[in-house]
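Undergrad: Residue-level listing of the chains:
Number of protein chains: 2
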Amino acid sequence: MVDYHDLMRDLHVKNDSKIVMLVGDGLGGLPLQPGGKTELETANTPNLDGLVAKGTCGLSMPVLPGIAPGSGPGHLGLFGYDPLKFLIGRGALEATGIGLELQANDVAVRCNFCTLDANGNISDRRAGRIASDDSKVIVEKLQAVKIDGVEVIVKPVKEHRFVVLFRAEGLGGKVRDTDPQQTGVPPLDPVAEDAASQRTAEIAKQFVLKAREIIKDEPKANGLTMRGFSAKPAIPSYQELYGLKAAAIAVYPMYKGLASLVGMDIIGDAADLDQQMEVLKQNWDKYDFFFIHFKYTDSTGEDGDFDTKVKRTEELDSAIPAIMALDPSVVIVTGDHSTPAYLKSHSWHPVPTLLYSDCCRSDACTIFGESTCLQGGLGQFEAKYLMGLAMANAGRLSKFGA
Amino acid sequence: MVDYHDLMRDLHVKNDSKIVMLVGDGLGGLPLQPGGKTELETANTPNLDGLVAKGTCGLSMPVLPGIAPGSGPGHLGLFGYDPLKFLIGRGALEATGIGLELQANDVAVRCNFCTLDANGNISDRRAGRIASDDSKVIVEKLQAVKIDGVEVIVKPVKEHRFVVLFRAEGLGGKVRDTDPQQTGVPPLDPVAEDAASQRTAEIAKQFVLKAREIIKDEPKANGLTMRGFSAKPAIPSYQELYGLKAAAIAVYPMYKGLASLVGMDIIGDAADLDQQMEVLKQNWDKYDFFFIHFKYTDSTGEDGDFDTKVKRTEELDSAIPAIMALDPSVVIVTGDHSTPAYLKSHSWHPVPTLLYSDCCRSDACTIFGESTCLQGGLGQFEAKYLMGLAMANAGRLSKFGA
Numbered sequence: 000m001v002d003y004h005d006l007m008r009d010l011h012v013k014n015d016s017k018i019v020m021l022v023g024d025g026l027g028g029l030p031l032q033p034g035g036k037t038e039l040e041t042a043n044t045p046n047l048d049g050l051v052a053k054g055t056c057g058l059s060m061p062v063l064p065g066i067a068p069g070s071g072p073g074h075l076g077l078f079g080y081d082p083l084k085f086l087i088g089r090g091a092l093e094a095t096g097i098g099l100e101l102q103a104n105d106v107a108v109r110c111n112f113c114t115l116d117a118n119g120n121i122s123d124r125r126a127g128r129i130a131s132d133d134s135k136v137i138v139e140k141l142q143a144v145k146i147d148g149v150e151v152i153v154k155p156v157k158e159h160r161f162v163v164l165f166r167a168e169g170l171g172g173k174v175r176d177t178d179p180q181q182t183g184v185p186p187l188d189p190v191a192e193d194a195a196s197q198r199t200a201e202i203a204k205q206f207v208l209k210a211r212e213i214i215k216d217e218p219k220a221n222g223l224t225m226r227g228f229s230a231k232p233a234i235p236s237y238q239e240l241y242g243l244k245a246a247a248i249a250v251y252p253m254y255k256g257l258a259s260l261v262g263m264d265i266i267g268d269a270a271d272l273d274q275q276m277e278v279l280k281q282n283w284d285k286y287d288f289f290f291i292h293f294k295y296t297d298s299t300g301e302d303g304d305f306d307t308k309v310k311r312t313e314e315l316d317s318a319i320p321a322i323m324a325l326d327p328s329v330v331i332v333t334g335d336h337s338t339p340a341y342l343k344s345h346s347w348h349p350v351p352t353l354l355y356s357d358c359c360r361s362d363a364c365t366i367f368g369e370s371t372c373l374q375g376g377l378g379q380f381e382a383k384y385l386m387g388l389a390m391a392n393a394g395r396l397s398k399f400g401a
Numbered sequence: 000m001v002d003y004h005d006l007m008r009d010l011h012v013k014n015d016s017k018i019v020m021l022v023g024d025g026l027g028g029l030p031l032q033p034g035g036k037t038e039l040e041t042a043n044t045p046n047l048d049g050l051v052a053k054g055t056c057g058l059s060m061p062v063l064p065g066i067a068p069g070s071g072p073g074h075l076g077l078f079g080y081d082p083l084k085f086l087i088g089r090g091a092l093e094a095t096g097i098g099l100e101l102q103a104n105d106v107a108v109r110c111n112f113c114t115l116d117a118n119g120n121i122s123d124r125r126a127g128r129i130a131s132d133d134s135k136v137i138v139e140k141l142q143a144v145k146i147d148g149v150e151v152i153v154k155p156v157k158e159h160r161f162v163v164l165f166r167a168e169g170l171g172g173k174v175r176d177t178d179p180q181q182t183g184v185p186p187l188d189p190v191a192e193d194a195a196s197q198r199t200a201e202i203a204k205q206f207v208l209k210a211r212e213i214i215k216d217e218p219k220a221n222g223l224t225m226r227g228f229s230a231k232p233a234i235p236s237y238q239e240l241y242g243l244k245a246a247a248i249a250v251y252p253m254y255k256g257l258a259s260l261v262g263m264d265i266i267g268d269a270a271d272l273d274q275q276m277e278v279l280k281q282n283w284d285k286y287d288f289f290f291i292h293f294k295y296t297d298s299t300g301e302d303g304d305f306d307t308k309v310k311r312t313e314e315l316d317s318a319i320p321a322i323m324a325l326d327p328s329v330v331i332v333t334g335d336h337s338t339p340a341y342l343k344s345h346s347w348h349p350v351p352t353l354l355y356s357d358c359c360r361s362d363a364c365t366i367f368g369e370s371t372c373l374q375g376g377l378g379q380f381e382a383k384y385l386m387g388l389a390m391a392n393a394g395r396l397s398k399f400g401a
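These protein sequences, in sequence, are chains P and U.
Numbering that gives the first Met the number 0 numbers the first residue of the first sequence as 0 and each following residue consecutively.
Numbering that gives the first Met the number 0 numbers the first residue of the second sequence as 0 and each following residue consecutively.
In short, the hints are calculated from the structure, not lab data.
Incorrect hints may have been included.
Note that the list lumps identical chains together, so a pair holds whenever it fits in one copy or between two copies.
Said to hold, decoys possible - Subject to a maximum C-alpha distance of 30 Å in a straight line, what follows is the list of computed DSS-like cross-link-like pairs (lysine-lysine):
hint, residue 1, residue 2
1, K36, K135
2, K154, K36
3, K244, K17
4, K310, K53
5, K215, K244
6, K343, K244
7, K13, K157
8, K231, K204
9, K36, K53
10, K84, K13
11, K343, K398
12, K84, K398
13, K17, K36
14, K157, K398
15, K84, K215
16, K204, K244
17, K398, K209
18, K398, K53
19, K398, K36
20, K398, K310
All chains should be built: construct the whole structure from the sequences, respecting the hints.
TA: In structure tokens, the structure reads:
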């Protein structure tokens with residue numbers, strides 16, 4: 000059985016086309032009242048509508064019907080990876096989320112500070128949700144932990160949460176969580192689930208011993224538990240699959256991290272969409288593919304703030320002229336999932352998607368919205384096929400079979 | 000690779016939502032003349048149309064394009080099981096169809112009475128299609144067969160057909176048919192196809208010996224053949240997959256049996272749709288999920304009786320107000336397959352389906368019919384995904400990945 004990745008790997012060719020994928024995080028929505036308009040349908044989006052009129056539309060299903068994805072599987076799908084096949088471990092995702100770029104020899108672990116009583120039993124699994132500022136100081140102390148033959152990286156996340164990264168040759172990522180999920184008992188020992196992870200478990204044990212010596216006098220955070228051990232996920236790169244030199248222009252570390260997992264270069268240091276457009280322009284000649292991430296259509300949805308999501312959608316719309324001025328060969332505008340303000344959370348609803356190129360077989364849609372996209376030329380499709388469509392529209396795929 | 004059932008098992012959460020799945024058996028149809036209306040489109044269905052206007056529609060493909068399913072795979076699909084992966088053996092389906100509730104230690108077998116000549120060769124493979132009433136009397140005699148360490152259950156089906164069920168620890172279901180598929184030769188011996196079924200074959204042999212002693216003087220039904228040996232299919236339950244306490248309200252044994260195979264409770268003893276609605280109401284507080292089965296849209300289609308199928312569809316429509324009066328969170332109306340009167344048989348045509356909830360992303364459909372559903376928000380989808388959509392719309396699935 001030939002799989003889609005084999006097709007990409009075998010059929011891709013190079014040319015001087017440019018592909019832009021603009022992702023409005025959580026772009027899809029719902030009306031507040033049945034029969035009403037969604038956030039995207041309410042927003043005034045003349046630039047997107049103009050592109051829709053020339054392009055083709057559809058609805059992208061992030062995973063499968065009914066499944067609401069987190070940011071990890073949501074973006075992997077858009078990048079052309081089956082999100083049910085390529086799984087990013089919790090530790091790897093947490094590390095990625097704070098901007099740690101995972102290397103092939105890394106094992107990342109999510110850690111929690113906890114409070115231990117005089118007998119070494121856990122009295123609070125989250126160390127009283129210690130304030131981030133306090134936690135940060137303790138995490139810095141832990142950077143003193145040295146383990147022979149291993150580079151140890153410790154970084155704060157938020158409150159009682161931090162990340163530990165072990166960097167050394169041949170470390171497996173299959174180690175059991177040490178959080179016993181209850182109080183009144185001590186943290187568990189890290190136990191390897193396969194031979195390749197034996198050394199990782201040993202290293203984790205040493206880390207815990209040395210860390211506890213350092214923090215033993217902390218009033219709240221005098222212990223720690225470890226969860227979600229994970230090696231860097233084995234994901235074939237954009238270069239390998241598509242032959243694309245790809246760049247990511249994002250503001251938040253999580254999305255930079257996800258892009259770097261598939262081999263994109265992280266470019267610029269933009270703080271907003273205008274600056275992202277500037278980075279795009281400055282780097283236009285250096286890359287074949289640009290992933291541009293816009294966070295606020297998701298965060299406003301999560302807040303349940305319909306009106307602000309509408310405004311943020313209009314902000315996204317305003318980026319289109321700067322993109323089109325560069326004369327891209329293929330433009331895709333989509334989302335990694337829906338985040339309806341009505342639900343205040345990621346949802347399973349398929350995401351409005353537009354694809355523009357000179358050969359996209361334009362459909363009858365003239366407005367970018369959930370109901371119009373339902374009638375579009377791309378139909379309803381699994382997100383993992385979008386990159387194949389992008390490649391085809393860019394003239395970057397040769398035919399399959401003779 | 001994570002499969003859809005893994006997702007259901009891992010992501011489901013519990014809440015106090017109520018899901019109703021109303022199945023019009025064989026609901027989909029065809030016009031009698033090209034360009035005409037189908038049975039459903041001809042029927043006056045104001046209640047279904049009202050629900051369609053608020054909900055979202057689509058076409059459910061029972062298995063894969065072109066495949067017309069029997070009741071077994073048709074319902075397994077609706078219940079969220081890939082009908083190509085979860086197979087119900089013929090014996091298990093026959094037993095289920097007459098209301099025998101299969102247990103984990105059971106092996107069910109379809110049996111035929113046959114006529115044997117003086118040499119023990121089959122002269123009639125169906126015992127002259129002996130009348131059901133006569134057959135029933137002989138089957139009752141067979142209930143006298145005792146086998147050490149095994150509970151033997153014998154039940155009539157129709158004409159020359161009956162079911163035997165062996166109940167004992169550790170019986171495999173892989174035993175070859177004993178029907179030689181020709182006359183002039185004796186029935187074959189039951190032969191095990193794997194080690195685990197050795198004892199089953201031995202038990203079957205003993206059963207045949209003892210049964211033949213009892214029926215040896217019958218004029219027609221003096222012998223028997225055995226086919227479709229099958230253990231209870233290993234199907235994860237609704238409780239395990241979805242965390243749902245589920246009930247089935249059906250009139251016919253086959254559908255009660257199919258529902259019990261996936262762990263639904265069979266409730267009430269309704270003889271018609273009005274009584275089914277009464278059972279629903281009485282049990283509303285006791286369950287999370289209700290499967291309601293309506294047979295007559297299928298049987299009238301099988302009869303080729305277009306007009307009566309239209310009337311029966313209108314009867315189905317009339318049940319909607321009683322359901323909506325209970326204020327369900329999610330309502331699904333669909334069929335396990337199409338049964339167009341034009342074809343007088345089950346068909347492969349996708350089945351009109353509506354889903355109503357407060358967050359279903361309503362589409363433009365206002366009439367329940369094959370052509371309108373083609374434009375609906377659910378698109379054309381494989382039936383096995385319908386339960387995931389039901390769960391999502393009920394707020395019973397957490398997100399996948401972080």
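Undergrad: Is it within a copy, between copies, both, or neither that the alpha carbon of K84 lies no farther than 30 Å from that of K13?
TA: both (27 Å within a copy, 27 Å between copies)
Undergrad: Please sort K204 with K244 into within, between, both or neither, judging by C-alpha distance up to 30 Å.
TA: Neither: 41 Å inside a chain and 43 Å across chains, both beyond 30 Å.
Undergrad: I want to check one pair: K398 and K310. Are their C-alpha atoms no more than 30 Å apart within a copy, between two copies, both, or neither?
TA: Answer is between: at 26 Å across copies they meet the 30 Å cutoff, but 43 Å inside does not.
Undergrad: Up to 30 Å between alpha-carbons, please classify K36 paired with K135: within, between, both or neither.
TA: Answer is neither: 44 Å inside a copy and 63 Å across each miss the 30 Å cutoff.
Undergrad: Please work out whether the CA atoms of K343 and K244 approach to 30 Å or closer within one copy, between two copies, in both situations, or in neither?
TA: between (36 Å within a copy, 27 Å between copies)
Undergrad: When no copy is specified for K231 and K204, does a C-alpha distance of 30 Å or less occur within a copy, between copies, both, or neither?
TA: within (21 Å within a copy, 47 Å between copies)
Undergrad: At most 30 Å between CA atoms: does that hold for K343 and K398 within a copy, between copies, both, or neither?
TA: Cα proximity of K343 and K398: across copies only (13 Å, versus 44 Å in one copy).
Undergrad: Is it within, between, both or neither when you check K310 against K53 at 30 Å Cα-Cα?
TA: both (24 Å within a copy, 27 Å between copies)
Undergrad: My question is about K157 and K398: at a cut-off of 30 Å on alpha-carbon distance, are they close within one copy, between copies, both, or neither?
TA: Classified as between: cross-chain Cα gap 21 Å, same-chain 49 Å, threshold 30 Å.
Undergrad: Quick one: K244 to K17, C-alpha cut-off 30 Å, is that within a copy, between copies, both, or neither?
TA: within (10 Å within a copy, 50 Å between copies)
Undergrad: For K17 vs K36, is the C-alpha pair at or below 30 Å within one copy, between two copies, both, or neither?
TA: So K17 and K36 pass the 30 Å test across copies only (27 Å; inside, 34 Å).
Undergrad: At 30 Å max between alpha carbons, let me know whether K215 reaches K244 within a copy, between copies, both or neither.
TA: neither (49 Å within a copy, 48 Å between copies)
Violated hints, listed in ascending order, are 1, 2, 5, 15, 16 and 17; each of the other numbered hints is respected by the structure.
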